[in-house]
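**Student:** Assemble the complex: chain A is given as a structure, and chain B must be docked to it using the hints.
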Amino acid sequence: MTAFYRALLKLYPASFRADYAAELTRTFEAQTRDRGAFGGALAAIGDVLPNAIAAHWDIFRQDLAYTARTLRNARGFAIAAILVTALGVGANTATFSVADFVLLRPLPFKNPDRLVRLCEGPKDGGGWGCMNQLSPANYRDVANGVTTSVESWGAFTGLSANLVGRGEPIRINGALVTPSLLHVLGVAPIRGRAFENTPPAEPPTTEANTVVLSYGLWQSHFGGDENIIGTQLQLDGAPYTVIGVMPSTFRFPSDEAQLWMPLPLPSQVFQQRDNNYLDAVGRLREGSTFEQARAEIAAIFTRMQRDYPDVMAETGFSFFRQQDYVMPRNRLIILALCGASLSMLLLTCANLANLLLARAAARERELAVRAALGAGRDRLVRQMLTESVILALLGGLAGVGAAALAMPLLQMVVPQGLPLAEAPTLDGRVLALAGIFTALTGLGFGLIPALRAGGATGFSALREGTRAGAGRQRLRAVLVAVEIAVSVMLLISSGLFIRAISRVQAVDPGFKPDGVVTMRTTLPVPKYAEPEPRAQFYDRVLNDVRALPGVEQAAYVSGVPMVLWGGIAGIEIPGRPVVPSRRQGVAFRLASAQYFGALGIPLRRGRDLEDADTPDRQLVAVVSESFVQEYWPGEDGLGKTFIVRDQLRTVVGVVGDVKTRGLERTNEPQVYIPARQPPEGGLGGLYVPKDLVIRAPTQGLSIVPAVREAVRRADAEQPIADVRMMADVLDGQFATRNAQIRILGALAVLALLLCAVGIHGLLAFTVAQRGREIGVRLALGAEPRSVAGMVVGDATRMALFGVVPGVFGAYLAARAMSALLFGVDPGDPWTLGAAAAVCMATAIVAALRPAMRAARVDPITALKTD
Amino acid sequence: MATIDPAVADLLPLPPATFHILLALSGGERHGYAIIIDVESRTDGSLRLSAGTLYRSLARMVEQGLIAEVGRRRTRDDDERRRYYRITTFGTAVARAEMARLTELVKLAKASGLTPRIA
Chain A
1 MTAFYRALLK LYPASFRADY AAELTRTFEA QTRDRGAFGG ALAAIGDVLP
51 NAIAAHWDIF RQDLAYTART LRNARGFAIA AILVTALGVG ANTATFSVAD
101 FVLLRPLPFK NPDRLVRLCE GPKDGGGWGC MNQLSPANYR DVANGVTTSV
151 ESWGAFTGLS ANLVGRGEPI RINGALVTPS LLHVLGVAPI RGRAFENTPP
201 AEPPTTEANT VVLSYGLWQS HFGGDENIIG TQLQLDGAPY TVIGVMPSTF
251 RFPSDEAQLW MPLPLPSQVF QQRDNNYLDA VGRLREGSTF EQARAEIAAI
301 FTRMQRDYPD VMAETGFSFF RQQDYVMPRN RLIILALCGA SLSMLLLTCA
351 NLANLLLARA AARERELAVR AALGAGRDRL VRQMLTESVI LALLGGLAGV
401 GAAALAMPLL QMVVPQGLPL AEAPTLDGRV LALAGIFTAL TGLGFGLIPA
451 LRAGGATGFS ALREGTRAGA GRQRLRAVLV AVEIAVSVML LISSGLFIRA
501 ISRVQAVDPG FKPDGVVTMR TTLPVPKYAE PEPRAQFYDR VLNDVRALPG
551 VEQAAYVSGV PMVLWGGIAG IEIPGRPVVP SRRQGVAFRL ASAQYFGALG
601 IPLRRGRDLE DADTPDRQLV AVVSESFVQE YWPGEDGLGK TFIVRDQLRT
651 VVGVVGDVKT RGLERTNEPQ VYIPARQPPE GGLGGLYVPK DLVIRAPTQG
701 LSIVPAVREA VRRADAEQPI ADVRMMADVL DGQFATRNAQ IRILGALAVL
751 ALLLCAVGIH GLLAFTVAQR GREIGVRLAL GAEPRSVAGM VVGDATRMAL
801 FGVVPGVFGA YLAARAMSAL LFGVDPGDPW TLGAAAAVCM ATAIVAALRP
851 AMRAARVDPI TALKTD
Chain B
1 MATIDPAVAD LLPLPPATFH ILLALSGGER HGYAIIIDVE SRTDGSLRLS
51 AGTLYRSLAR MVEQGLIAEV GRRRTRDDDE RRRYYRITTF GTAVARAEMA
101 RLTELVKLAK ASGLTPRIA
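Going line by line, the protein sequences match chains A and B. What the first sequence shows, in this note's numbering, is residues 1 to 866, in sequence order. What the second sequence shows, in this note's numbering, is residues 1 to 119, in sequence order.
Do not rely on the hints blindly, as some may be mistaken.
[To be verified] Straight-line Cα separation of at most 25 Å, SDA-like style, residue types lysine to any residue; simulated pairs:
no., chain 1, residue 1, chain 2, residue 2
1, A, 10, B, 88
2, A, 640, A, 663
3, A, 10, B, 63
4, A, 123, A, 644
5, A, 10, B, 48
6, A, 527, A, 231
7, A, 640, A, 618
8, A, 10, B, 57
[What the hints assert, rightly or not] Short derived list, chain B residues pointing at chain A, Cβ under 7 Å:
no., residue
9, 30
10, 33
11, 53
12, 55
13, 56
Hints are computed from structural coordinates only; laboratory data are not their basis. Using N, Cα and C, we set each Cβ at its ideal position, and we do this for glycine too.
So that you can see chain A by itself, here it is in the shape it has in the complex (with noise of 0.2 Å):
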């Protein structure tokens, strides 16, 4: 029976036990003894249980006031602790939540990791991402002829239709998909069905005229009616039948998508190879490898080389898994920013270190007296650990309000155009991933002085006074090298972005944003199919538009700059060799008179497109400088002829280049004709002129509702979409690098300040050790300008010791980021200088007050310390 007592008696806490075991025991034995075994036992469970659980709680509720008590009288360590915990919690939260969202979770389709994608690319198949698409019979090669590795193909196109029904007319994105496509994807619609499936490259036999929508339009547009499935609404004019609604989750080919139609593919485009529309979606066969496939498609590629050399000789083709379809660049902006956040969770816990052993240190005596008092060092560890897992809790707790607080940053750098909803989530796993990291650190750092305490080192604390431990002060020190290596690395990366951004402003665009409103009013098909209704429309609206008071000059265009990234054409020069035609690709637009003007592009030589250039008058173009450079090398080009889209035309007049891509790409020279002469044998839907330019410096955008009055006027069906100012267009162009910066600057200044606290802290706490060795040198007759010297000597030693390796470290990662860098070198000796000086200086300026107190020591009371 006793025994069994004993046993229980484990459940009290240590200390208690340890105190009041054998009186228990007796007492029990004392009360129990004319007892039976079971009465004995039951009377046991029924004292210890109860007291066990209340003995934990007493001594929780103790440890928690003694706690509170403690961190109120050390309320800037608890301050700094918790602030510091919170930022490691909270930036690493942030960022790889935005990186498990973009690189790592998998896609919203079945067995997303079977799931490939193909384009066309560079000859030798490699090449990422699609910069040109397939065309309908180079799809129907592969998807026949691949089919060892991959089980299924589909294709899909970008569609863009004017949706009138319910409400005002509204413009719309989707795609227009083989019916194979969605069973590609593995996913069903959450009401009605799917399209039938077809062979991959066989056109819709009876559904031509009917749509699935997305769960986002089911509920914007239709009220998330129930009974949709079945109705008819117009799309461009012409009726279609709702046959299913995708769930919330499907968002293909990017979020953007609000509803698919079956992809007509009559007979007829497949006839020209250089006709590219089409990005393919394949699914791996179980057991196919991806290389596998890639081997297929390279020979059906190498086949289609050899039987059309005239469009094919340069053609290849670019193959990649759909998780992988980020931009490279994208993924390194991420992976850039969660490196940092990694060095910022380092130097988050050797800052927490430091502050917990400076306070070990502090507290040593405390402890050793309270251990001579007859505390168990059970007790003191426990204590400890309530002490450390409260400041971590509360920490962590912070670190959630700062992390929620970043996201909004963050997401300015997920990018766009991907099949996924538009705004990660704070992720739960990742926020304990990162504050258990922290907790741990608290832990284990909170724990020393406590096993110290309870250990035999206890008594010569407590006998040394507080001379004790040479060697953790230099692990605090390695601490704050560390802390200042990281700095150091943060800033340059922060200064390197910030050279790089600056030279990216300094890129001319080719155009003058300001003032200048762009909107877009595309024209439906089969209405608008036709050259002369298009003209009679553009006229109409042009004419009002130029008509309002404000308005400079106004135009229509294929596309602006930099929201146009394609629309390429290939060109030839009659009398020269033909080259294949993807090498010599122009950036093709249409544009109304005034074009240039509106837009603030500079014409050089020449003239302007003119309303005057119709069909029947000469064939012209406008060509930029580089085309002119590029073909007629020194010449102005004027009056020379090239052939594009089977037409001969004449340059009439030579313009400034444009940043058609975007300032941070290599762009094609740019070929302009006038939109009364467009090429014959119709326009694809990229060409078609369509974006209105208008400059109104002085109205902004508040010249849309009289904009819309005048399309209106024109056409009462159609809507205007994307209205936007250039000037948001082109600041677009530097909002990801915008966002990084603000993010690396912040971790910067954050890990400076961390810095200088660490180096004040172990410099504040040296002196105070040193007391009596400063107090001997000061009696001694040193000059208290030297002693000085001496502690801004140490921080400049452990500086230097940080600064090294941190320059080393920086300019590896920045080496590993030098695609983002635009040309600024990774060893940028400015940067990598200035970062330097300026850690050296936070080191120096968080040495001065240690320093100022070191010369103020007064020997006499120094030495009767102690």
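**Tutor:** Positioned in the frame of chain A, the structure of chain B alone reads:
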């Protein structure tokens, strides 16, 4: 009513077990089991402290300064040393204050016409 020392007032009202232990110790130094016996006989067996409750209370009371350990000594019937406790001046003050509080309470109850039922 006289003003009470705030340190004393902080502890009022006392948990019943604490009050009984103080009463037991006001008769002289006692070891743990003796306290249990004392409390039990004083209350005619209606309050029987278990070992755990007793020592948890004792530990807390030592911490609060109500009682103190006297040191270990031998009992008549026992070879081993046992822990003895005594009430402190502070403990006496607290017991008195609790008594005053209870008396006041009883007075109030009587004034409102309530009489105890004698079983």
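**Student:** Could you run down the list of hints and mark each one as holding or not?
**Tutor:** To see whether the hints hold, each was checked on the structure:
Among the hinted pairs, residue 10 of chain A with residue 88 of chain B is inconsistent with the structure: their alpha-carbon atoms are about 31 Å apart, more than 25 Å. Between the alpha carbons of residue 640 of chain A and residue 663 of chain A the distance comes to roughly 29 Å, so the proposed pair goes past 25 Å and is violated. Under the criterion of a C-alpha separation no larger than 25 Å, the hint pairing residue 10 of chain A with residue 63 of chain B is consistent with the structure, at around 22 Å. Note on residue 123 of chain A and residue 644 of chain A: the hinted pairing holds, with a Cα-Cα distance of about 23 Å set against a maximum of 25 Å.
Using a Cα cut-off of 25 Å, the hinted pair residue 10 of chain A and residue 48 of chain B holds, with the two alpha carbons roughly 24 Å apart. Distance restraint check for residue 527 of chain A and residue 231 of chain A: the Cα-Cα separation of roughly 23 Å lies within the 25 Å cut-off, and the hinted pair is therefore satisfied. Among the hinted pairs, residue 640 of chain A with residue 618 of chain A is consistent with the structure: their alpha-carbon atoms are about 13 Å apart, no more than 25 Å. Distance hint between residue 10 of chain A and residue 57 of chain B is fulfilled; the C-alpha atoms sit about 19 Å from each other, no more than 25 Å.
Of the supplied interface hints, the one on residue 30 of chain B is violated, with its beta-carbon coming no nearer than about 12 Å to a beta-carbon of chain A, more than 7 Å. Given hint, residue 33 of chain B at the interface with chain A, holds; its Cβ is 5 Å from that chain's nearest Cβ, closer than 7 Å. Interface hint at residue 53 of chain B: satisfied, since its Cβ lies 6 Å from the closest Cβ of chain A, which is below the 7 Å cut-off. Evaluation of the residue 55 of chain B hint against chain A yields a held restraint, the C-beta minimum of about 4 Å falling below 7 Å.
The beta carbon of residue 56 of chain B comes within 5 Å of a beta carbon in chain A, closer than 7 Å, and the hint placing it at the interface holds.
Taken one by one, the earlier hints fail for this structure at numbers 1, 2, 9, listed in ascending order.
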